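Participant: Spelled out, the chains give:
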Amino acid sequence: MKHHDLQIAIQSLRRRPGFVMTVMLTLGLTLGAVISVFNLNVVLMMKPLPYPAPDRIFITDHYYQSPQGRTDSGFSTLPGLLESYRTQQVFQSYSIMSLDAVRFLDQKTEPKISALFTTPEYFEILGTSMTLGRPFEASERLDTHHPVVILSHSFWKTRLEGARDVLNRSIQLGDVHYRVIGVTSKDFRAPDEPGEIDVWLPWDFHGFNAMQLENWGNTKRTIMGLGRLSPAVSEREASDRLSHLLDRTYQSKLSPELRRLDRQFKVNLVPLETRMLGDSKQRALLLFGAVFMLLLIASSNVVNLFCSRAAEKQRTLAIQAALGAKPVDLFRALFAESLILCIASSLLGLLVAAWCFELIRMLASAHFARLDELSLDIPTLCFSMALCVTLAAVFSLFAVKLIRYEDLRIQLQASGKGSGMQISKFTRNALVTCQVAVTGVLLSGAFALLQQSLSVISQPLGFESHNLVSVRLDAKEGMIGSDEIDHRRRIMADYAQALRAMPQVAQCSFSFTSPIRTGMSTRYSDVDNREYGDFPINFVDQRYHEVVGIELLRGQWFTSDHIRNDDPVVVLSESAAKHIEPEGRVLGTLIYDGSGVPKKVIGIVKDIAVPGRAEEIRSRDAYLTYVPWNMHLLIRLKQGGNTNHLIRQTLADVDPSRRVAEIVHVDEQHRRIIARDQVNAGVASGLTLLALLLAGAGMFGVFHYGNLMRRFEFGVHMCLGAQTHQIAKLVARSHFQPVLLGLAISVTAVLFLRSWFDQAADAWFHQTASSLFMTVPALLITAFFANYFPLRKLFKSNPVQALRNE
Amino acid sequence: MQTTTMIEMRNITKIFRTEELETHALRGIDLEIEAGEYVSISGPSGCGKSSLLAILGLLDSPTEGSYVIDGRDASNLGVNARAVLRNEKIGFVFQAFNLIDELNVFDNVALPLRYRTPTPSAKDIERKVMSVLTDVDMAHRHKHKPNQLSGGQQQRIAIARGLVGNPSILLVDEPTGNLDSKNGDMVMDLLAQLNAQGTTICMVTHDPRYGDMAGRQLHLLDGQMLEAVAFAGAV
Numbered sequence: 001m002k003h004h005d006l007q008i009a010i011q012s013l014r015r016r017p018g019f020v021m022t023v024m025l026t027l028g029l030t031l032g033a034v035i036s037v038f039n040l041n042v043v044l045m046m047k048p049l050p051y052p053a054p055d056r057i058f059i060t061d062h063y064y065q066s067p068q069g070r071t072d073s074g075f076s077t078l079p080g081l082l083e084s085y086r087t088q089q090v091f092q093s094y095s096i097m098s099l100d101a102v103r104f105l106d107q108k109t110e111p112k113i114s115a116l117f118t119t120p121e122y123f124e125i126l127g128t129s130m131t132l133g134r135p136f137e138a139s140e141r142l143d144t145h146h147p148v149v150i151l152s153h154s155f156w157k158t159r160l161e162g163a164r165d166v167l168n169r170s171i172q173l174g175d176v177h178y179r180v181i182g183v184t185s186k187d188f189r190a191p192d193e194p195g196e197i198d199v200w201l202p203w204d205f206h207g208f209n210a211m212q213l214e215n216w217g218n219t220k221r222t223i224m225g226l227g228r229l230s231p232a233v234s235e236r237e238a239s240d241r242l243s244h245l246l247d248r249t250y251q252s253k254l255s256p257e258l259r260r261l262d263r264q265f266k267v268n269l270v271p272l273e274t275r276m277l278g279d280s281k282q283r284a285l286l287l288f289g290a291v292f293m294l295l296l297i298a299s300s301n302v303v304n305l306f307c308s309r310a311a312e313k314q315r316t317l318a319i320q321a322a323l324g325a326k327p328v329d330l331f332r333a334l335f336a337e338s339l340i341l342c343i344a345s346s347l348l349g350l351l352v353a354a355w356c357f358e359l360i361r362m363l364a365s366a367h368f369a370r371l372d373e374l375s376l377d378i379p380t381l382c383f384s385m386a387l388c389v390t391l392a393a394v395f396s397l398f399a400v401k402l403i404r405y406e407d408l409r410i411q412l413q414a415s416g417k418g419s420g421m422q423i424s425k426f427t428r429n430a431l432v433t434c435q436v437a438v439t440g441v442l443l444s445g446a447f448a449l450l451q452q453s454l455s456v457i458s459q460p461l462g463f464e465s466h467n468l469v470s471v472r473l474d475a476k477e478g479m480i481g482s483d484e485i486d487h488r489r490r491i492m493a494d495y496a497q498a499l500r501a502m503p504q505v506a507q508c509s510f511s512f513t514s515p516i517r518t519g520m521s522t523r524y525s526d527v528d529n530r531e532y533g534d535f536p537i538n539f540v541d542q543r544y545h546e547v548v549g550i551e552l553l554r555g556q557w558f559t560s561d562h563i564r565n566d567d568p569v570v571v572l573s574e575s576a577a578k579h580i581e582p583e584g585r586v587l588g589t590l591i592y593d594g595s596g597v598p599k600k601v602i603g604i605v606k607d608i609a610v611p612g613r614a615e616e617i618r619s620r621d622a623y624l625t626y627v628p629w630n631m632h633l634l635i636r637l638k639q640g641g642n643t644n645h646l647i648r649q650t651l652a653d654v655d656p657s658r659r660v661a662e663i664v665h666v667d668e669q670h671r672r673i674i675a676r677d678q679v680n681a682g683v684a685s686g687l688t689l690l691a692l693l694l695a696g697a698g699m700f701g702v703f704h705y706g707n708l709m710r711r712f713e714f715g716v717h718m719c720l721g722a723q724t725h726q727i728a729k730l731v732a733r734s735h736f737q738p739v740l741l742g743l744a745i746s747v748t749a750v751l752f753l754r755s756w757f758d759q760a761a762d763a764w765f766h767q768t769a770s771s772l773f774m775t776v777p778a779l780l781i782t783a784f785f786a787n788y789f790p791l792r793k794l795f796k797s798n799p800v801q802a803l804r805n806e
Numbered sequence: 001m002q003t004t005t006m007i008e009m010r011n012i013t014k015i016f017r018t019e020e021l022e023t024h025a026l027r028g029i030d031l032e033i034e035a036g037e038y039v040s041i042s043g044p045s046g047c048g049k050s051s052l053l054a055i056l057g058l059l060d061s062p063t064e065g066s067y068v069i070d071g072r073d074a075s076n077l078g079v080n081a082r083a084v085l086r087n088e089k090i091g092f093v094f095q096a097f098n099l100i101d102e103l104n105v106f107d108n109v110a111l112p113l114r115y116r117t118p119t120p121s122a123k124d125i126e127r128k129v130m131s132v133l134t135d136v137d138m139a140h141r142h143k144h145k146p147n148q149l150s151g152g153q154q155q156r157i158a159i160a161r162g163l164v165g166n167p168s169i170l171l172v173d174e175p176t177g178n179l180d181s182k183n184g185d186m187v188m189d190l191l192a193q194l195n196a197q198g199t200t201i202c203m204v205t206h207d208p209r210y211g212d213m214a215g216r217q218l219h220l221l222d223g224q225m226l227e228a229v230a231f232a233g234a235v
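Those protein sequence lines, which keep their order, are chains A and B.
Just so you know, full-length UniProt numbering puts 670 at position 670 of the first sequence, and the rest follows in order with no gaps.
Just so you know, full-length UniProt numbering puts 185 at position 185 of the second sequence, and the rest follows in order with no gaps.
This is chain B alone, in the form it adopts within the complex (with noise of 0.2 Å):
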């Protein structure tokens, strides 16, 4: 089977810089993640997970190395760009849902949409919100605000939303930290069915049973890739 590279990072470094201090979060960090794979993330806190996800999701900028997302460098992109990018290629999930109270189920999840150039019809925006939200299975929720939800229903908010865009990969940080053990489950099976579906996902995560149902393990130390743990079938 023909494999599409998806996102390929070469030597990337990140480092963080005050007056007095120099922190290096990333040291050459080199990552492909093909299209459909499910990959984790681990290590332990401060190894640099965050700093890679931002940079995975261009929220940051790498200090050095180049970095290919579905074929286009972005490398060294302006904000304007890397926001385009960021709104038709990656899908986020976060570990505190980040919804915002003031918006409703549907408005959350259309956001994606919206900031779309050019955005889509109102009907067009309608017909794919409720499509990922019957996706999650929380359409009938659709006018509630986030507060009204528990924090599983939250966690599948974000999901619809993460998905809304169609995007190349979703990018996953600590999904079930927020959670209790039954919800965390549920949110983690969706995550997998979604992997099945073929959505390219990218998790960040500490914890190892989750880390488990990943295709392939990564795990940072100190900035830098230990291992690498691919399991057979999982493409």
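The following block holds chain A by itself, in its conformation from the complex (with noise of 0.2 Å):
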């Protein structure tokens, strides 16, 4: 291409605000979508862990093998995690791992950070650099109780304002005084399972007591071990030697309960980066493919307007072509044109798509791994480039497609009347039919997305949430011993009576978590060990259901003897009775967990919907006895208003030396759960305006250009007595062929897609199918308001002038 190319091109667009403000705007915030989408794939699927030898490090879990089936996995016991870590011979390296939080004593606010408490070869495993200090090291290993801790960079940077001396400084992290002896570097990335890293701290200061360190049947998700596999051991067969190990040690501590449950002990590998990324890769090509649909949209309209402005540019191509240009001259200078506006668009798209990563961190958080990692990285900037080379290229082509060299002196020569260029029927009506079948199908997935989670957030929740106050206090949670729940019942005894007296209290309970937070979940059986699939469990006192105010309907509730004898009892939602009997008729029957103890049905209380929950268990309830695992309380207030401090101050005054971990509002708390389905609403029903927008401007565009072409033939029709109604009808035969077509390949492509995913693919995308009932006439409405405009603007000129051609 020529400099002077360029130079005519800038000089020509800088005539033309209005056309460069449209064609930017579109392409620029629809690149800037497929830019940080494009990036968050390459991230995924293209840069490797940032570790050493990824692909041989492996994350291990436990679960129960019996003949009805697996547990599910993902889940670790803590004796099982020790054998492993003491007697493995699989791994080159193996750590073990547990994710807790813990408080920041010498701040002021006292905050809650994340702890991982681990062993030294963590470290090694992972290849982690250092800032300052050192790693932990055999010093710190196993039973060697060195108070030692290793700081995050962003840890370090934040609450220690990125202090220099902080090595050997002593900091207080929940009871215990640690020295520094290390901070990360900033490349340092720890995987994201278990979880979110503030600091290190030697598995020693776990915190887990001598029960639970023994209890072969008590699994958490929070724990678990991180191993480089040796060269010569294959994945299966450490896994199968780790289970074999395992299962004897398991075998042999079993009790005669346990023991009729005829499980077997499993370990399962599971690469770090299939853990990390979980779906993530397969959501990442779907968003992808949403947004090369949305760039597929913006192109078509962009097209359009690159047509019309040949057409516009055919007088000046004209006198260009009879000074001596040759064809192609002709393409150069339209490309010219093109590669200016796709290259503004583009570095448009890449401040947008930097903006789109802030956006993708905040509410994407949950759905990505890695997405720190997210940037404008040079393969995300080569593409940029390869993009917007390519569009430039489609665009000046098909401008170029329209102008008939040998015809273009015509133009010279002829006054103009009806000799213009035109866009032909087919490109037209393809134009549009790819708009109609690419917003469909983004549609369907954007309305399966609302669908979704319009779902979730008008859910009832079951129960009065309001004037309702959780309380969680700092406690150890888990298995404790006899004295410690004597202890803990005393002081929650002691609680309860303090917070009654307070005048603004109704009624108070003890339960191990709020009513709406999704915690444990237990899997039950029958008698003859058939499973009745997970149940969400809750331990919950005499008077839950009178303060939560969930509805009994058959049966009876806890009493307080059945609390405090920790008898094996239960009470069931209606829905999990329904789902054990489908008539609901389960009073009396026995039900039997992993503790090899049957559970009585004592009891069957009114649905509560959980949201946040899996679908299939949103209401499915068990509610146990209470034993105070943990220290939570659920307050009943007369009436609202903030009575936080009194609470705080009321509980203090029982105990000044228990600090309060959380006091919060069951509706804030049923608003913060529901706050990423509005989030994903909101983004769900931007896409899906934003889609028909960009759909019903390029049909407007087609439409209206479609409609001056035919003026003259209008014009005829109208001089033999067609009326309005005869032409509308004409018009739109015309127009919503390839709008029906569009949406016949829509349709076809959404269903071909749903069977495709139908193995993997999320909920919502089952969703999508369904969701062609509210696509389909969102599409034809947009499709008619589309066509009517132009219409309306062809009745209002006169027929005689559709003649003269004005």
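Don't take every hint at face value.
[To be verified] Lysine-lysine pairs mimicking DSS-like chemistry, simulated, CA-CA at most 30 Å apart: (1) Lys123(B) with Lys145(B); (2) Lys182(B) with Lys425(A); (3) Lys123(B) with Lys729(A); (4) Lys47(A) with Lys108(A); (5) Lys425(A) with Lys796(A); (6) Lys476(A) with Lys253(A); (7) Lys796(A) with Lys729(A); (8) Lys425(A) with Lys313(A); (9) Lys425(A) with Lys112(A); (10) Lys108(A) with Lys476(A); (11) Lys401(A) with Lys145(B); (12) Lys143(B) with Lys729(A); (13) Lys401(A) with Lys313(A); (14) Lys578(A) with Lys606(A).
Note that these hints are calculated values from the structure, not bench results.
Keep in mind that this is a model prediction, so the values were computed, not measured.
Hints are included, so try docking the two chains, each in its own frame, into the full complex.
Facilitator: As structure tokens, this is what we get:
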């Protein structure tokens, strides 16, 4: 391309600011989305994990295999983990980890931070680089009890102002003073599993009691093993050898009740990458498909604009041709314009992409891994450049196709009447069909997401969440000895008494968690070991249903005796009861969990719906008798108002040494849980509107152009006595043909994609088919208006003007 | 012989207004055309011929004045009412033929009948279309597309289309403008023949040779009717 071409193109574009702005905004915004999602795909699919030999790094977790099936993976048992750490021979290097929250007491607000209790091998496996100091070494291995801490780079920067003299400083985390021995480098990214980490502490300080360390039946999601597999051992072999090793010990420790379950202890090896990414790759690919469709819609609009621009430029091109410009020179002239516009749009797109990265991190952290690695890296910049040049070539090719070089001379000879260059009917129809088809697929996805989000947002909880307060006190969660249980019971009783004495409090109760928190679940089976499936559980006291406001339908609620004696009884929600027995007649039935002790169903209560839970278990609650595994209270206030400080004071008066970890209204918890769905609904609505607007604008442009081209023909029809409705019918018939074809293609594509992704994709994708019921009318309405406005304009003009080509 | 007034225009004025300019295309035109008459309107470019023809053909409304066609006041009709009247009372023949390229000859000619309410039966349409095509000697080409025909043939199809709805008046706009002299003569002969059979014709032309063939010649200059010459025996 010559410098001269670019100069002419710039001058020409400067006279068309409206055209330039329309193209830049349409393409820039869309390219921003495409570039950012492309980078997400690059990070997830092309970049290896930033650790040495990442394909040999595995996470281990545990599950139980019985003749009826296997339990879920993703959990580990403490004794199994310790046993494998001490005796395994399949990993070159193996570490164990436990994630917990600890209170950082050196700061006034005493914030809770996340700490990973681990062994020295962790840092060697991940090849951790340090900004200051060193990682754990042999002196911090198991059973050495050296209170040292390694800080994450961000923790060091934000909480300790990046102090260079932090090494050997003592910081208090919980009840222990730790000596700082290192700060990880800025580039070191700890695996997202088991979660985000502020500090690393030696395993010895995990805080588990002896009972927990010996319980083979207590599985936790926050503990796991991490190892680099020996080159000589395959994944399968390692899994078999570890399973054999641990099952031998497991079987030797089984009680007679558990032995009847006929379970084997198994070890699962999952590549670290698989565990970290989950289904992120598939989601990212789907998202790329969605933004690529958006790009297609935007591109077809821009093609339309470029074709109109070529038609507008025909006289200039004719003069250039008359002065000796060859066809290739004319292509270059058009390409120069489109390249300048595409480069400007791409630059805008890069800015938008940088902003999109923040947006993705903010909104989609629950859906995608490695989001902190998003950046405008070399592959992404290359992709942007390639996309820019491709789009410029496509746009100019479409435009140049309109120009018949041999006919350009007519432009200079003819008066201009009726000799205008035209975009062929086929091209116009193809543009509309493509736009409708692509928009249809995109809308189906967006509507499905919207439907799913709205169903969560609008789902009634099934109880009165107003004036209900959840209070959690600092206490180690999990299995505790009977002395500690008795001690906690006494303190909790004192708390309850003090709270009930408050004039603002109507009633209070104890439970493991708030009614809408997604807490633990357990798998129940019948006496013959046939499994009923997973049931979310909550440990609650005798006042819980009264405080929360859950209606008892049949049987009875727990009595204080049930609670005091920790009786093996259970109250089920109506859905849970019907899941076990279709009529819900389960009173008196014995159901079995992993403990081997059957639980007798003594009552059925009305369902509550917990947003954020999987659809199939959303209301399948099982309530068990309260044991103070943690210290959590539910308080029903008499009326609204901010009583947090009064509650805090009352609790402090009872036991000044115990801190309130969290005090929050259940309403607020509900708002937090549905916040993601609200964002999803907003994003889906925005995407829907954007897609409809783009498609509508595109169709309007094509229809308007088509009407202009056919104005002469309509004039003839009108001269012959055609009435407006007859013309409208004529126009609609020709305009709706490509619309209907596009709709048929989109419906077919959605049904095809649905069956293609049937096994793997999310529930939302399964809803795309049903969302066609919204997609089709939405597109038809859009097409109607896109058809109506040009038609109205046509009718406003006099037919005689059409015949005069005015 | 008793005559019927087919067209009656009184004080017709047409003004085109833009933000800066007012153009008086027609200034107080009075015109009467009797049934069976053959009238030609001539004048230099820009004198108002096309504006007058547009108002005559109900393609445009006058700024002022009254217009009665075949006994019906057409001065203040809406778009659809004018379309119905145009369909029933007026046949058009254009200089550029204005045939629709996508339709074959038969369908082009059938168009006015298909816009009629109630729409005649397919059999009726076929009979009438083939009849007028026979009148203009084009029945054998009824399946052809317009671009497969010569200019003269296309104009004969356009005349057939103008006649198929049995209009009260045939408005003809420069019928020979796009034709060579041989084809032009043939078309003019056809129009004279139709007039002789009773068709009322109003033709706009600036070719004096063909203007003379009309029974009455009207001259327009600067939007005003200058003179009217009636030829004895033309009616």
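Participant: A separate judgement is required for each hint: does it hold in the structure or not?
Facilitator: Consistency of the hints with the structure:
1. Lys123(B) with Lys145(B): holds (22 Å)
2. Lys182(B) with Lys425(A): The given pair, whose Cα atoms are some 36 Å apart, is violated under the 30 Å limit.
3. Lys123(B) with Lys729(A): holds (23 Å)
4. Lys47(A) with Lys108(A): Cα-Cα ~41 Å, so violated.
5. Lys425(A) with Lys796(A): Judged against 30 Å, a Cα distance of about 24 Å means the pair holds.
6. Lys476(A) with Lys253(A): holds (25 Å)
7. Lys796(A) with Lys729(A): holds (17 Å)
8. Lys425(A) with Lys313(A): Holds, because 20 Å separates the two Cα atoms, which is no more than 30 Å.
9. Lys425(A) with Lys112(A): Roughly 66 Å between the alpha carbons, so the hint for Lys425(A) and Lys112(A) is violated.
10. Lys108(A) with Lys476(A): holds (22 Å)
11. Lys401(A) with Lys145(B): holds (26 Å)
12. Lys143(B) with Lys729(A): holds (25 Å)
13. Lys401(A) with Lys313(A): Holds, at about 14 Å.
14. Lys578(A) with Lys606(A): The given pair, whose Cα atoms are some 12 Å apart, holds under the 30 Å limit.
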